[in-house]
Amino acid sequence: MTDCLFCKIIAGDIPAETLYQDDDILAFRDISPQAPQHFLIIPKKHLNGPAAITAGNEELFGKMMRVGAELAAQNGIGEGFRVVLNNGEQAGQTVFHLHMHILGGRPMTWPPG
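Numbering (UniProt numbering), first residue to last: 1 to 113.
Fair warning: there could be bad hints in the mix.
[To be verified] In silico lysine-lysine, DSBU-like type, Cα no more than 35 angstroms apart, as pairs:
#1 8 - 44
#2 8 - 63
#3 63 - 45
#4 8 - 45
#5 44 - 63
[Claimed, not checked] What follows is a set of in silico ranges between Cβ atoms, one per label pair, in the way DEER data are often shown:
#6 32 - 90: 12 to 22 angstroms
#7 56 - 32: 15 to 25 angstroms
#8 82 - 62: 31 to 41 angstroms
#9 74 - 44: 12 to 22 angstroms
#10 107 - 44: 27 to 37 angstroms
Worth flagging that the hints you see were computed from the coordinates, not collected in a lab.
Built from N, CA and C at the ideal position, the CB exists for glycine as well.
Kindly produce the complete structure, drawing on both the sequences and the hints.
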């Protein structure tokens, strides 16, 4: 999508601090971190959000989770991190491209907000 912020990052039109990249996904640091370690994992194929995960693409979601756990460990938060996925405006989704937040490096409270 031409107006999607994350598609522009994937295309290289907007810079990001890349942590991981392969043919399917991209992981990069959040530009407005909410924790000492805060990064995003996105599919390179545009999907609007978690509700777009289907039987045909569920392996992609598993890969995102695996890479998230690996990056958490590499960044010193493997023993305690939060995974956040928002679906739709009411859930707080502001960029309508599937993305997973990985946050850690401080105590997390519940409920989150």
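Hint check results:
1. 8 - 44: holds, 10 angstroms
2. 8 - 63: Answer holds: residue 8 to residue 63 is near 22 angstroms, not above 35 angstroms.
3. 63 - 45: Holds: residue 63 and residue 45 sit about 14 angstroms apart, inside 35 angstroms.
4. 8 - 45: With a Cα-Cα distance of about 12 angstroms, the restraint between residue 8 and residue 45 holds, given a limit of 35 angstroms.
5. 44 - 63: holds, 12 angstroms
6. 32 - 90: 12 to 22 angstroms: Between residue 32 and residue 90, where Cβ atoms are some 21 angstroms apart, the hint holds.
7. 56 - 32: 15 to 25 angstroms: The hinted range 15 to 25 angstroms is violated for residue 56 and residue 32, with Cβ atoms some 33 angstroms apart.
8. 82 - 62: 31 to 41 angstroms: violated, 18 angstroms
9. 74 - 44: 12 to 22 angstroms: At roughly 21 angstroms between Cβ atoms, residue 44 and residue 74 fall inside 12 to 22 angstroms, so the hint holds.
10. 107 - 44: 27 to 37 angstroms: holds, 33 angstroms
Comparing the model with each numbered hint stated earlier shows that hints 7 and 8 do not hold.
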